[in-house]
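One line per chain: the protein sequences are A, B, C and D, in this order. Residues in the first sequence are numbered from 1 upward in steps of one, following our numbering. Residues in the second sequence are numbered from 1 upward in steps of one, following our numbering. Residues in the third sequence are numbered from 1 upward in steps of one, following our numbering. Residues in the fourth sequence are numbered from 1 upward in steps of one, following our numbering.
Derived from the structure by calculation, the hints contain no laboratory data. Bear in mind that the values here come from a model prediction, so they are computed numbers and not experimental data. Take the hints with a grain of salt, since some may be wrong.
One copy or two, either will do: identical chains are not told apart, so a pair holds if it fits within one copy or between any two.
Unchecked claim - In silico BS3-like cross-links for lysine-lysine, where the CA-CA straight-line distance does not exceed 30 Å:
1. 135 / 383
2. 383 / 12
3. 237 / 13
4. 33 / 348
5. 309 / 55
Spelled out from the first residue to the last, the chains are:
Number of protein chains: 4
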Amino acid sequence: TTSSSSFTTISKKASSVPKMPFPEGDSESDGSKLFDWLIHPFSTNKFFSAIWERKPLLIRRHIPQYADGLFSTNELNRILTECNVRFSVNLDVTTYQNGCRETHNEEGRAFAPVVWDYYKNGCSVRIKNPQAFSKPVWKLCSTLQEHFKSMVGANIYLTPAGFQGFAPHYDDIEAFVLQLEGKKQWSLYNPRSKNETLPRFSSGNFSESEIGSEIFSTTLEAGDLLYFPRGFIHQAKSLPDSHSLHITISTYQRNTWGDLIQELVTGALSKAIAEDLEFRKGLPLDYLSSLGVQNSDKDTPRRREMMKKIRDLMGRLQDHIDADAAADQRGVEFLHDSLPPALSQDEKSRTIHGANVRMVAPGRPSAWLCDITINTRIRIVRKNAVRLFAHNDGDANDNAGVRVYHSTQNSRTYHEEEKKFFEIEGDCALAVESLIHSYPSYVTVATLPLNSDEEKLNVATSLFEKGIIMMEEKVKMMKRTG
Amino acid sequence: TTSSSSFTTISKKASSVPKMPFPEGDSESDGSKLFDWLIHPFSTNKFFSAIWERKPLLIRRHIPQYADGLFSTNELNRILTECNVRFSVNLDVTTYQNGCRETHNEEGRAFAPVVWDYYKNGCSVRIKNPQAFSKPVWKLCSTLQEHFKSMVGANIYLTPAGFQGFAPHYDDIEAFVLQLEGKKQWSLYNPRSKNETLPRFSSGNFSESEIGSEIFSTTLEAGDLLYFPRGFIHQAKSLPDSHSLHITISTYQRNTWGDLIQELVTGALSKAIAEDLEFRKGLPLDYLSSLGVQNSDKDTPRRREMMKKIRDLMGRLQDHIDADAAADQRGVEFLHDSLPPALSQDEKSRTIHGANVRMVAPGRPSAWLCDITINTRIRIVRKNAVRLFAHNDGDANDNAGVRVYHSTQNSRTYHEEEKKFFEIEGDCALAVESLIHSYPSYVTVATLPLNSDEEKLNVATSLFEKGIIMMEEKVKMMKRTG
Amino acid sequence: TTSSSSFTTISKKASSVPKMPFPEGDSESDGSKLFDWLIHPFSTNKFFSAIWERKPLLIRRHIPQYADGLFSTNELNRILTECNVRFSVNLDVTTYQNGCRETHNEEGRAFAPVVWDYYKNGCSVRIKNPQAFSKPVWKLCSTLQEHFKSMVGANIYLTPAGFQGFAPHYDDIEAFVLQLEGKKQWSLYNPRSKNETLPRFSSGNFSESEIGSEIFSTTLEAGDLLYFPRGFIHQAKSLPDSHSLHITISTYQRNTWGDLIQELVTGALSKAIAEDLEFRKGLPLDYLSSLGVQNSDKDTPRRREMMKKIRDLMGRLQDHIDADAAADQRGVEFLHDSLPPALSQDEKSRTIHGANVRMVAPGRPSAWLCDITINTRIRIVRKNAVRLFAHNDGDANDNAGVRVYHSTQNSRTYHEEEKKFFEIEGDCALAVESLIHSYPSYVTVATLPLNSDEEKLNVATSLFEKGIIMMEEKVKMMKRTG
Amino acid sequence: TTSSSSFTTISKKASSVPKMPFPEGDSESDGSKLFDWLIHPFSTNKFFSAIWERKPLLIRRHIPQYADGLFSTNELNRILTECNVRFSVNLDVTTYQNGCRETHNEEGRAFAPVVWDYYKNGCSVRIKNPQAFSKPVWKLCSTLQEHFKSMVGANIYLTPAGFQGFAPHYDDIEAFVLQLEGKKQWSLYNPRSKNETLPRFSSGNFSESEIGSEIFSTTLEAGDLLYFPRGFIHQAKSLPDSHSLHITISTYQRNTWGDLIQELVTGALSKAIAEDLEFRKGLPLDYLSSLGVQNSDKDTPRRREMMKKIRDLMGRLQDHIDADAAADQRGVEFLHDSLPPALSQDEKSRTIHGANVRMVAPGRPSAWLCDITINTRIRIVRKNAVRLFAHNDGDANDNAGVRVYHSTQNSRTYHEEEKKFFEIEGDCALAVESLIHSYPSYVTVATLPLNSDEEKLNVATSLFEKGIIMMEEKVKMMKRTG
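Next up, chain A with everything else stripped away, as it sits in the complex (with noise of 0.2 Å):
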């Protein structure tokens, strides 16, 4: 490993190949895998301690195959020949000449000939939602974000030889670039100041003037990852001798201790104001004619007690924190950007997915029930597709409600789903939270903490039908008895 200050390489070429791992069944655990493996040889926890958010990492594996199965430029013309594609929502057709960035979209569908020509006369191209057409790039993005606790995209970008896509600019998420064909030249520049450094918002492009010395440029080849954290201005273009694809796997997207204490601030101060009979005393007569710019000059005692009176009240701010109820409402917002599990056939077979209704006749379904009893083993299909949120509905009587939001339904396609939730009662709300708190081991029906076996079963049909929870075993189908 070469770490100089401001990046770190790693070249390395390892004497096995490690496989991109098939996810096993824990859903944290299989995300942890595959983020080993993205940054394989690199350790993930020296990656969290030395380099994210900090600086870039260049990993060399010198095995072109290493991603192999993930994407490619003949799995890009069957997209374009069998899915619906469109230009500007799915995919752009770019240029950057001279200093000068150019969209070519057309309208409508973009169909395969049309793409290549264009590709074929210099364009660069990206797809937007790959993950919405490519199942391995959803498994992967999917299971990252069990690792991430954040939502995971990606881009998938192809040059032609001997071009260049895109302006110099920066952006808002942490980047891991995937070599996947070809190569790339990458230049890397350090934020232009400590206001750019993990900056909240995409930068516009940039001229070569705006953007500062490289600190470091370098030939990303097949199977090489590049990572660089928000705030790092870059360009990339491909050799004269080679096209380029890679994929861009982005996350952590306003996922800051800033944005947790934004929702955290706006709820004490409501329930400060609730709750505080001194948030809701009257302002003294004078707090005009001792604040403001224009008494900014001042120093009186009373403008200082003033300033006193509100640090205190900060101070008391902190008492009607809600942490948990703040990090709930993030929580919720993970679950609404969130990709959907994407499933094995395995674990399909074990869901309300894998209930395969018979028919005896035409109108007369004979197996048409899920077996489910008192001692099926049970767990949520992943850690982080299920959420529990207490709310409190503008309801006069101040009666709170369980909702257990999930991400199980959610489309491929980023929030074209509303938020999925159901509302559940106190009782049952302490049964999910004991089916959260146990996974990823299954545990039967009749381990959840109720009162009856009905409630048990009533609960545990209602989570399989929507498609949270899988069974230990495959799916049973039966008629009801009686």
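Start from chain A and add chains B, C and D according to the hints.
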């Protein structure tokens, strides 16, 4: 054929069973043949001269397998298992018992066992947009659309034995009820008044006391068809011994002369005011004291004179009518409402969908151009999938433009896509017009009424790349020469 | 009188100077006399038959004091000093120099010294709503409104010697320019095309090269009047030796036959569709292939047949025309646009405004009722301040109602108040109608066409309390007896 | 003075009757003296230390004429006769009988006889914005506003003998009820809970069973004052032998520490995120599994660590507090809510209102400039009518500007005008600040902290022309020399 004044019945077993006709290429002719089949053995001419928009028609075919292959409970089970069918959006679960109509929809996806459990408990199931999930239904509707030149939709209704799912009501569409499985007993009632004859909007649910005496009641069996015009109140229940599955094909929603006239007068008045000084002249000083309810009892010469002037101007309005513009306005809306063409595999192979780019190596397409030459024989994909539209968009110089609207990239889900169109220049518009009029014949690119071969190839390529035209031969791929 | 084809001039010194006529009681007659005075010594009949909406008219009166008392720079100074005149809202400060038109408005109130300083520096001053600040201007406009039965507005323009405040342009109103002080040199130009003859919207500012050659140029002196129809381009500048003050009285903005027809056809089509089955019948299956630009070259029998059908339906539309409803719709808008009546002190003493409640002690009104008996003689306050309106508001039972709209509580500021109306029952509507038609005569309450004295008194009291009627005698106050 | 725990009563006849004090020039001192008078003979210091926001105070003055000249039924009658008082907008007619609260408003203007007729029939009358119609009420409120530095409003209530107009309820303002004529019996009740102590929003109408037992009941006579804090439920009815007229003066609506803190935290968080990298750093991967209701029972080191981090960041938030910006934000809202200063004739003569332009002839102002020299002695018109505000408006270069907000051009009708302000440059801001701080002293223009006499005169003239400053001497008019 039995024909009473208020409805017509035909009951005849065909000597040979006509198969649902396979589209052969000329879309209007295909649509017409499909409609023949739908009302077989009744005749299409007689239908439109004596039945359409006038009275119900009952066709007993005594051939249970008449519509085999269109839809079935088995197919419904497959769809529920494989597709993201959502409660309320795509599917309703309903009951009508003791005069009370209820909907039992849950939130989110309607998984098969859940739906079948409702069904087993006496609920009816309505699939609201089966075209989106079933290819035969899509093909049926999009082919009939070529016959009606008005959006054709469909609903599927499944009712367990001994139940009714919906309250008596009337609709705002022409309804063709095709029994697919089992039996259902239908009751029909005349429109309650002249006002509710051919109504523009559907009714709410009626109680039994509101619907008058029935004009007939009959039991539909598989293969039978029942047609009734909008405004006819109806209700249906399955028999104790059999479930019922039928499809209702609907068309002609607000597709009336009044709708055309509405487009017409709006345009005519704008033109009259712009072009005819009489419309811009001031009203006489005394018009408010000659007209109005408070003056309606008067019969003065002055009032008569104004009434005459108004009639004269209404007459002059006729001079500014642009029936073509009004029809095109509606034509464009029709294209937006339309289902996209359901192309057969053979047809696809002769359109841009059949363009298979060959990749010789990663990043290297070797044949990515569709071989269109001056001798390629082409036609538009469907008679009614394209429309020219002359517009005049807020251009200071009053420059009008021509747009080509098309339905070839529509979604199978209603209005999921925006209106699809592109601008062309005047000369090219003539070329598109010639293609529209030469349909269903194939013509060579050379015959397009344009000045140069380059222009002809440009127009043909452009239309081909939007999916608007098909070749007579399979698409051949080539690389750009030179 | 000198009359060229393009404009008419009259130059005659009246033997005796007619005073601006004082309203005498019959509002239409008052309006008519005031208009006589405005264009004196030209005749009103000749004006409306030969000049109105046709060509400019210049009236030289050689009587500088002709309009004395209407408005003056002194009055302007008083208004700026006493009233809350706000820049941009009520007043503009402008220059037009070297082809460049500029506005120099500040924010907030336009205090007198600030405005006069601009004026002293060459700026023109426009008062945009002088009716709101000047009682004579209010009286002039509201009286002329009774003549035109269309909103009458006014602007005041003050220009220092040797300057021009506005660029050449045309307006969308009929303009009567009455010179009040000093002199101004006017240039007029013909409408540039048929399209810009009697235009519906004002032009932007023109450059000198855009306005054609002038039809005449003249210098208005105090007491002179210049009329020109909408669409005539004009510009004016003061002379080096004199400032200029004039008022422009405007009327007939979008008050054309076309506007009436617009109301008419909208209503007629709704009625036709509701009442005439022909309008609700479906369009023929082939209408889209017979009509439209792409079919406009065809001359098939089918196309001719459809064209004929369209003309027939357009003809039938005539059967559903409700000219009275359309006129009332416009009448109601006119009432909303109207200035409120400018009542004289004597008139006020005979309306609710003259009701002086006597207080005998704190909290003890001793006479608080207006003495209206069956013998009280009443009339509406102005011929055109009230209008009956039959409506049909979303009532399932198609119950129509009648409203009395009125302008008596309008603000002197345009649309500052909502439309003013109240509902009445059918019988009472006839009573209001009889009052409208008996105007300007006073009638006793007893003559109202109602069944009982109580009803008659109720209607009379109700109208009186809204300020809609006046008595022939001064209001007498009484206490409730019994 | 009698003071129980829950309310305080003072009953003392003053030896000499204090007149309502006439504003003398220093607006805060004027406000303070007026408040002394309002609660006389109670002391202001004692009021704010023991009563304000704590408990009701009843002051019996035994001087019926104490508030003479402020408002009377006679004045109400004059206002109804002369002003455009509109039902619902400015006046409500109400009853409260048998537990039923009704409003009897008509549409449009409330003419005097109509209102008195309702009154004679037992209705109460509420004038909602008497400041707009009554000059003494305006003066009272705008002067008290200088004391409270929070909007001061007023309502007038007139009730005929033996009636009650309103149901029991509590308000969201501090209320000073000053009896003007007759008598009224008041009942007060404690806030029902801690939550309803100093509430932020008024209650709806209560039934008798909802309001608890009264803390006291008393009869107010003319000259008496009753104060009670927001949240105290109250109701009042007139006695059988006397009508009642009182004014309720209200202030401190949502003017609490909580409101200031709200402004504060919003700003602080924005600044913290922009300036402090800690707030922009990503959340830890496990925060969602340590926080949230589903994890709230855990007490893990990790959870404690995060809680600590949150508290640390909340603490750091303090470093980014800008109390001056928050106070200015509220100060600007206060100026928008404010009544405009009620200037005396003498004061007007020393402001732009006293600038009488002399016209020597039509169109010829001879003296149109206000004589402001370097020696003119000036001050702002009211201590609390102006405020500096530093803003930072969407400027790419982060350039901040300074605005002068003022209430001098507000309307007497709440929020009828937009916020009034103008931009100034940094140097000039210091000049305005010096004027604010030197108030109530007059200072010469020469003392403004600016570099040149020209700048000083410019600032002074500009402020003078907005009506923000007054001179020590009457305004003198001059013509421009040279």
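Do the hints match the structure? See the list:
no.	hint	in the structure
1	135 / 383	within (21 Å within a copy, 37 Å between copies)
2	383 / 12	neither (34 Å within a copy, 63 Å between copies)
3	237 / 13	within (25 Å within a copy, 72 Å between copies)
4	33 / 348	within (22 Å within a copy, 44 Å between copies)
5	309 / 55	between (42 Å within a copy, 23 Å between copies)
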